[in-house]
Structure formats: C-alpha cells, structure tokens
Amino acid sequence: MSDDAPLRYDFAVHPGSTYERAAALIASARLAGLVVDLGAGVGALAEAMAPYGFETVGFDGDPANVAAMIARGRRAERLDLTADDAAERIATTIDDAPVAAVVMLDVIEHLPDPERSMALLGDLVERFAAPDTSPLLVLSVPNIAHRDLAAKLLLGRWDVTPTGLLDSTHITLFTERRLTDLTTARGFTELARNDVLLERTEQHVADLAVFDTTTLAQHLRALRRRFDRHADVYQFVRSYERTDAGVATVRRPEPTDGPFCSVIVRTQGERPMLVDALVSLAAQRDRDFEVLLMVHADERHADRIRELAATFEPGFAERIQVHQVSGGGRSAPLNAALDVAAGRYVAVLDDDDVVTSDWIASFRRAAERLPGRAVRSLVAVQWVEQRTGLADFEPVSGFETPYPQRFDFLDSVRTNRTPSCALAFPNETVRALGVRFDETLRVCEDWKFQREVVGLTGVSDDGVVTSVYRRWRTGGGSQSEESADTWIVDHERVVDDLDDEPTLVPAGSMRRIHELYRRIEQLEVELGRRVDDDPPFRFGD
Amino acid sequence: MGGDGRSLAVQVVLYDDHLDSMIRLADAVAAAARFVRDHSDVTRIVWRIGDSSRWPCLADDAAAVLSARTRGSIDEVSVTFFGANLGSGGGSNALARLGDEDLLWVLNPDTYPAPDSLWRLLDTIDRDEQVALAESRQIPIEHQKTYDPVSGATSWACGFSVLARRSAFDSVGGFDDRFFPLYCDDVDLSWRLRLAGWKVLHVPRSVVFHDKQIDADGGVRWTPTAARSSTIAALWLYRRYGRPDLEASALADLGRSADPVALSVLDEYHRRVADDDVPRPLEGADHVATFVDGQFAPRRFSYVG
Numbered sequence: 001m002s003d004d005a006p007l008r009y010d011f012a013v014h015p016g017s018t019y020e021r022a023a024a025l026i027a028s029a030r031l032a033g034l035v036v037d038l039g040a041g042v043g044a045l046a047e048a049m050a051p052y053g054f055e056t057v058g059f060d061g062d063p064a065n066v067a068a069m070i071a072r073g074r075r076a077e078r079l080d081l082t083a084d085d086a087a088e089r090i091a092t093t094i095d096d097a098p099v100a101a102v103v104m105l106d107v108i109e110h111l112p113d114p115e116r117s118m119a120l121l122g123d124l125v126e127r128f129a130a131p132d133t134s135p136l137l138v139l140s141v142p143n144i145a146h147r148d149l150a151a152k153l154l155l156g157r158w159d160v161t162p163t164g165l166l167d168s169t170h171i172t173l174f175t176e177r178r179l180t181d182l183t184t185a186r187g188f189t190e191l192a193r194n195d196v197l198l199e200r201t202e203q204h205v206a207d208l209a210v211f212d213t214t215t216l217a218q219h220l221r222a223l224r225r226r227f228d229r230h231a232d233v234y235q236f237v238r239s240y241e242r243t244d245a246g247v248a249t250v251r252r253p254e255p256t257d258g259p260f261c262s263v264i265v266r267t268q269g270e271r272p273m274l275v276d277a278l279v280s281l282a283a284q285r286d287r288d289f290e291v292l293l294m295v296h297a298d299e300r301h302a303d304r305i306r307e308l309a310a311t312f313e314p315g316f317a318e319r320i321q322v323h324q325v326s327g328g329g330r331s332a333p334l335n336a337a338l339d340v341a342a343g344r345y346v347a348v349l350d351d352d353d354v355v356t357s358d359w360i361a362s363f364r365r366a367a368e369r370l371p372g373r374a375v376r377s378l379v380a381v382q383w384v385e386q387r388t389g390l391a392d393f394e395p396v397s398g399f400e401t402p403y404p405q406r407f408d409f410l411d412s413v414r415t416n417r418t419p420s421c422a423l424a425f426p427n428e429t430v431r432a433l434g435v436r437f438d439e440t441l442r443v444c445e446d447w448k449f450q451r452e453v454v455g456l457t458g459v460s461d462d463g464v465v466t467s468v469y470r471r472w473r474t475g476g477g478s479q480s481e482e483s484a485d486t487w488i489v490d491h492e493r494v495v496d497d498l499d500d501e502p503t504l505v506p507a508g509s510m511r512r513i514h515e516l517y518r519r520i521e522q523l524e525v526e527l528g529r530r531v532d533d534d535p536p537f538r539f540g541d
Numbered sequence: 001m002g003g004d005g006r007s008l009a010v011q012v013v014l015y016d017d018h019l020d021s022m023i024r025l026a027d028a029v030a031a032a033a034r035f036v037r038d039h040s041d042v043t044r045i046v047w048r049i050g051d052s053s054r055w056p057c058l059a060d061d062a063a064a065v066l067s068a069r070t071r072g073s074i075d076e077v078s079v080t081f082f083g084a085n086l087g088s089g090g091g092s093n094a095l096a097r098l099g100d101e102d103l104l105w106v107l108n109p110d111t112y113p114a115p116d117s118l119w120r121l122l123d124t125i126d127r128d129e130q131v132a133l134a135e136s137r138q139i140p141i142e143h144q145k146t147y148d149p150v151s152g153a154t155s156w157a158c159g160f161s162v163l164a165r166r167s168a169f170d171s172v173g174g175f176d177d178r179f180f181p182l183y184c185d186d187v188d189l190s191w192r193l194r195l196a197g198w199k200v201l202h203v204p205r206s207v208v209f210h211d212k213q214i215d216a217d218g219g220v221r222w223t224p225t226a227a228r229s230s231t232i233a234a235l236w237l238y239r240r241y242g243r244p245d246l247e248a249s250a251l252a253d254l255g256r257s258a259d260p261v262a263l264s265v266l267d268e269y270h271r272r273v274a275d276d277d278v279p280r281p282l283e284g285a286d287h288v289a290t291f292v293d294g295q296f297a298p299r300r301f302s303y304v305g
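Respectively, the protein sequence lines represent chains A and B.
Taking my numbering, I'd label the letters of the first sequence as residues 1 to 541.
Taking my numbering, I'd label the letters of the second sequence as residues 1 to 305.
Hints may contain errors.
With the Cβ distance kept under 8 angstroms, some of the chain A side facing chain B (calculated, not the full set) [as the list claims (entries may be wrong)]:
1) A380
2) Q386
3) E394
4) E400
5) L516
6) I520
7) Q522
8) V525
9) E526
Coverage of chain A stretches by chain B, computed from C-beta distances (three or more under 8 angstroms per stretch; other residues unrestricted) [what the hints assert, rightly or not]:
10) 268-279
11) 301-313
12) 363-373
Partner residues aside, some chain A positions facing chain B, computed with beta carbon under 7 angstroms [what the hints assert, rightly or not]:
13) T169
14) H170
15) L173
16) T175
17) A283
18) L390
19) P395
20) G398
21) P402
22) Y403
23) L498
24) P502
25) L504
Just so you know, these hints were derived from the structure itself, not from any lab.
Even glycine gets a Cβ: it sits at the ideal position worked out from N, Cα and C.
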C-alpha cells in the first residue's frame, strides 16, 4: 500500500461507533493499565480511549497503519498476529506494565483460524494477569445473521462489498452463538455488551423494498426477532473476564440430549389430586419422559412433594425433578420449567388432570407422523367437585368430549379449543422462538403460548383420547378461582397481543374465510338487514 | 424380612398377559409393599401370580425376573400355571389356598397402584374389625357407584384392587367360581360378606390406576368378550339374589336382540342352567342386593357406553 493511498479501515470515531462502545466497556470496568489493541488499524480505539485517560498500545500487521498511529503520537508496533511468537513479542513490548484490557476489534473475522486467535488472546490475558486482577478481553465482530442478510438470502442474493457485513476480506463469519461458543470454550465469561444496533445496514438497498414496510417484512421481522434476539445487531461489542481456563459455562441441556418428552406438572403444594396425576404418569407404557414437578409454593411444601416423589418406585422417582418456584403468577413455574426441560417435546399436565397409559405414546405417534409439528391428542372432560371427609374431591359427571377431534387453526382463533394436557410442543422450536408463558396473564396463558407455537409449526393430531381434563364445579382450579371478568379481559389481551404481529394462516384458509363472509351476508339477509344486491359485508359496517 | 407381624399376599390372576405389563406392575407393587412395611406391622408380603391362560403367558424365568425387581419389598414371588382357565374368581381362590396370609390384596394385572394405596386399604381394615373388604379408587375412569361419604360403606367392592381380610374371605368360601370367567364375582363376594354381617368400604384416597381407554366420544365401552361375560354374570346375580323378575326381563330383552353377543349369552345361559352349573339362589339375601338401572349400586354419575 502506497503512503498516499486511502486507509481502508480509517473509520472515524463517532458516538456509537464500535470504538466508542468498546472504550465505554473498558472504562466501565474500572481497571488500571494499558490497553493492548490487536489489529489496531490506524488507532481509532486509542482515540476513543484517550478521553478516559487510558494509554493504548496498538499492534498491526500493516506498516502504513503503524506509521499512521505513530504519526498521531500513539504507541504502535508492527506485528503479524498469526505468527507463532506473537504473544511473546507483545509481552516483550508491554514489559511489566499493568494491562487493563486486551482488545481485538473487527479483526478475528479477517484471520484464518478463530480458535488460534482466541488461544492468543487467552494466552495474553493470562500473561498480563496480576495476582488479584485480570485484564478485560474486549472483542467485536460483525453479525452475519443480521436481518438484512437474512432478507437477501431469501431473494438468493449474497452481495460482497468492500467493507461492512460482507467485507470481501472476511475469512470467517460470526453469529452470536458462534462468538459465545468460541469465548466460552477458552474459559471466558461475558461481562458486558455494548452492541452496535443498525436497523438498516449497507446491505439494505432500494431493490429490497419488498422487505421494507410490507406485510411480508413485518412477518419476517417478527420471525427473526423470535428466532434470534440479535437480528438487529450489526456488530457484537462485548467484554469478557477469564474464569477457570478451559472450564466452559454450564449450558442448558440440549433437547437432542434428553428424553422424548419433558412433562411439566405445576402444583401449588401437596394438593390431593396430584397423586392421581403422578400415578397416571408412572403408569405410562412409553417411559421415555421426565417429570418437572414445579412447586409454586415455599420450600417446606417442596420438601413434602420431594418426599411424595420418593415413595414411588425408583425407575419413576428418578425421572422426577422437583423444583420450588417463588413469586410470580401462574405462568412463573411453567417458564422456570422451560429453562430446564431437556426433552425433545414439552407437555404441561396440571396437577388436577389425569392421563391414560398411552398419553406419551400418543404424542410420539403424532410426532413420528409429522416431525417438527406440535402434537395433539384428545381430551375427555369430567366435572368434579371438592369434598370434605373421606374424599377430597369426586367426579359428578361422566366424560364429555367438547373439543374438536382435529386441531383447526381458524376455529381456535375464536377461543381455545385444546386444553393444555392435549398438546406437546417441539422443545427446540419453543427455544428457538423464545416463546414463554405470559406471566402478566392470570388465565389464558396456555392459549397464547399455544397460538404462538402452532402458528408456525402446525399440529399433528393423533385423534385418541389420552387425558381427562377435570373441570371444577366447586373449588380447585383456575376455572373457578378467577372471575368471569378476568377471563374476558385476558382473552381480549391475548387476541390483541397476537395481533401485534402478522399471522400466518395455513393453506385452505382463504376459502374458509371467504365462506365465513358469505355466511354473515346470508344471515344479514335473513335478518332483513341487507338485500342481495347490497355491497359485500365489511368489518365496521 | 419376615418376623412376628402380620402377613399379606398380593394376588394377581393373568390371562394372556405380557411380561412388560407385569414389570410395570412389579415396580408399583414393590413401592406399595415397601410403604406398608414402613408404616404398619405387616412383616411378610408375598406375591402370588396365577396364570389362567391356555398356554403359559410368561416365560419360565418370570418369577425370578419379578422377584429380582421387587427384592427388598416382597419376600417371595411365585407364578402358578393353572393349566385351565379358572376364571377370575376361581383363580383368586386357588391362589388364596396356596398360603395362609392374614390379608389378601386382589389386584388386576393391568393396574398401577399408588405407593400408599395398599397402606390406605390396610389402615381402613385395621380401624374396624368388621370390615371385610376395602376397595381402592380407580383412575382415570372412576367407578360411578355411590358410597357413604363419611364411612365409605358401599354396596360392593370392585375386584380390580381390593384388600380382603382372610378370615372374612374364608368364612364365606371366597369367590364363587361359577361367575365364570369374570365379572360380578366381586359383587357376589361383597354381598355374601355383607349378608354375613361384614362391612365393605370404598377408600377414595387409595388410588390405583386401571389401564382403560376412553372413546373419542367420551364413551367407556366393553369389549365383546367383556360385554358377554358381564351380561351372563348379571343374570346369575338376579337369580341368586331373589330377582327372578329382572332375570326374566333381561332374558326377554336378549331374546329380542339381534346382537350376536346377546345370542351367544342366551346359548350359554341355557346350557349352564341345563347343566346346573349356575350360582345357587341365597334365601333371604335380597336385602343386601341393590339393582338400579342394570347396575348393582346407585350411581353418582354415568358414563356413555
């Protein structure tokens, strides 16, 4: 590169830039010492650190960059970061001076071997560690999973540019997960993040108007937000501290590691009907499931339920995890269970419901028939009443089967047509979507959860009754505890919440909605509110 | 194990059952037996399995497998191949004759008892020396018949899970094996015990899962074999407990029916009457019998089917 050629990465330091953000992360850690900037370019970080009173030592492989830094009065040295003796040379330069941070901004993606780069960074952080403190590691990499690139890939486009997300000199590409895996594997734990968010990147061009303010764009945005909380991140800017070398942070169990199903049983204590639920689970023919018994009460109740669980035969008892959950609403224990569920599917069984012996087997049949979908069986409703005396409760009706045999997306828009105990959801999808039970709802939380998942997965029906949903005429369940007003209010809330995002309806819905309008028009004619040649029915008429 | 306490036999009669379901039962029975050992004076528990199948339905080493599975809770497991179909009641009687335990827990093979279920039955029997039978609550399809909400007294105890006091059981000669192959033998035993002054109690907190299925329309239906057996058995109950009117009416209904099950019931009825292979009427027993809408106790609610 000639002396007068423009410097490729001479980015100005401006508020919100990567350098400014990295500098803020370093300053906020309140460590004293030098800032070691690897792949420093022309010293943009040094500029950003100066106001905080930090001295930065820049290392860069390009002599023009090193010359530019020195010309600006910064400490700088030429260094090939891929050289075997890179750590040794850096240490020699730093000598015994204390180091506050080791920084690598927008560099790893240009180097051929990110694991090797991390090894170098780990080595340096260890070398510069003092007995009671350790330098901060600060990294920044572009996000290859930015929404703009996802949109372009949908159109079959991959537009490499001189700089930016698809910089032609990028050798390796990063998502948030890859960055986390890389740092975790080297024993680093994330301390803070100061990511650069950009709704429109240099990849967003006019011919992507289809992804601008359109319905399609709304849907894709909603999807991207669901699957990836970092879809708007242009540049990850993160600080890390070194924990025990080589000790990876404990990760959530992956659904692929676990049993077929995680059964979440929510209880508020030693409710007598819980025994029925547990016995019916213990009697399952397909035993490939775990039970997450979420006790939404104090530790004393949880202990008693642990004692109850321990009375079962070991083959079942060892598959029960009892978790105590404090505070929060009805949904808090469900969300706590989602955090630890290791099954490939998750199902919810309330403590007052019971299942037949093929409840799990039925879910498995449906899952094998249409993999990836939520799975659904049928429910028999039995009315029960609370009792005092010999029995704690007892049925007062035979079985009713008011719910449709097959799941219908449109029918269940009006109201929930599938009780919780009839559904199991693919855990990997639940996690990827980041779907949670809405803790601000007093009721209907299961309906909202269900809509959010099955709106994308669809449903595989098995068509067999495998559970008894006990409805309380007196005492016992949420049906009777909450007022009619609460049901109405929360029901409307769910509809409004779901309306915040576009809804993907299954094939065949057009015809059915069309028929629905025609029926409204026919009924209005019958009621004398319209004549045949009136304009078509409209909402708001 | 063993000792000076009471003894209890768990009795299960099989007909073409599979080892898989017996292993599920073994695990549950072991937990229930352990609970009883920990909470009562019962110190010896044996498990007697009787096989009424045409050919042995379990492998030769089944007793060893189930014994290993229940070690520490059950003192002894035996599997007896009867070589003939003794029926449910006949099989239970044969198993009872193999020992002299103080208590008999008659249990269906397709069940899964809760860990404390047996202890709750035992506790009920121990509270009143007049109690001959204590019956569990069945899930997920709870039985409809009524019981006294305070005492638990009920017309009859369902044989899917019932704990019998041996002395009472023997005093009336156990089950009547002419209720063959199954159904209503438990109703008959209960009524004969009540006739002799014993009590029969329902124990709602003794929970036992009974592996039954529910139809898509919420019905609880009989298989043709079960429908046939239960229909014949009802005829014998009418005959034994002084209701020839109901017997005649049921026979007339069967005669009008085009259902093949009804025709086969009539064939068997007439053959067994001709052979005098039927339960004998009991004089003065009609006051313990309850016949309501084809059932043997008033119902709290009804299932379809």
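Hint check:
The interface hint given for A380/A is met, as the beta carbon of that residue sits about 5 angstroms from the closest beta carbon of chain B, less than 8 angstroms. The beta carbon of Q386/A comes no nearer than 12 angstroms to any beta carbon in chain B, farther than 8 angstroms, and the hint placing it at the interface is violated. Checking E394/A against chain B by beta carbon gives a least distance of about 7 angstroms; that is within 8 angstroms, so the hint holds. Interface hint at E400/A: satisfied, since its Cβ lies 6 angstroms from the closest Cβ of chain B, which is below the 8 angstroms cut-off.
About 27 angstroms separates the beta-carbon of L516/A from the nearest beta-carbon of chain B, more than 8 angstroms, and the hint is not met. The closest approach between the C-beta of I520/A and any C-beta of chain B is roughly 31 angstroms, which is over the 8 angstroms cut-off, so the hint fails. Because the smallest distance between the Cβ of Q522/A and any Cβ of chain B comes to about 31 angstroms, over 8 angstroms, the interface hint for this residue is violated. A least Cβ separation of about 36 angstroms between V525/A and chain B goes past the 8 angstroms threshold, and the interface hint is therefore violated.
For E526/A, the interface hint is violated, since its Cβ never comes within 8 angstroms of a Cβ in chain B; the closest pair sits about 32 angstroms apart. Closer than 8 angstroms: that is the beta-carbon criterion, and the segment 268-279 of chain A has 5 residues meeting it against chain B, so the requirement of 3 holds. Evaluation of the coverage hint for the segment 301-313 of chain A: fulfilled, as 3 residues show C-beta separations to chain B shorter than 8 angstroms, against a requirement of three. Restraint check on the segment 363-373 of chain A versus chain B: 0 residues with Cβ-Cβ distances below 8 angstroms, three needed, restraint violated.
With a least beta-carbon distance of about 63 angstroms to chain B, the hint placing T169/A at the interface is violated under the 7 angstroms criterion. The interface hint given for H170/A is violated, since its Cβ lies 57 angstroms from the closest Cβ of chain B, which is over the 7 angstroms cut-off. Interface hint status for L173/A: violated, as the beta-carbon distance to the closest one in chain B is roughly 51 angstroms, over 7 angstroms. Given hint, T175/A at the interface with chain B, is violated; its Cβ is 46 angstroms from that chain's nearest Cβ, farther than 7 angstroms.
This hint holds: A283/A has a C-beta 4 angstroms from the nearest C-beta of chain B, less than the 7 angstroms allowed. Hint status for L390/A relative to chain B: holds, with the closest Cβ pair at about 5 angstroms, below 7 angstroms. Residue-level restraint check for P395/A holds (minimum Cβ-Cβ distance to chain B is 5 angstroms; threshold 7 angstroms). Taking 7 angstroms as the C-beta cut-off, the interface hint given for G398/A holds, the closest approach to chain B being about 4 angstroms.
Interface hint status for P402/A: violated, as the beta-carbon distance to the closest one in chain B is roughly 9 angstroms, over 7 angstroms. Taken as an interface hint, Y403/A does not check out: its beta carbon lies about 11 angstroms from the nearest beta carbon of chain B, beyond 7 angstroms. Because the smallest distance between the Cβ of L498/A and any Cβ of chain B comes to about 29 angstroms, over 7 angstroms, the interface hint for this residue is violated. Interface restraint check for P502/A: the shortest CB-CB distance to chain B comes to about 35 angstroms, outside 7 angstroms, so the restraint is violated.
The interface hint given for L504/A is violated, since its Cβ lies 29 angstroms from the closest Cβ of chain B, which is over the 7 angstroms cut-off.
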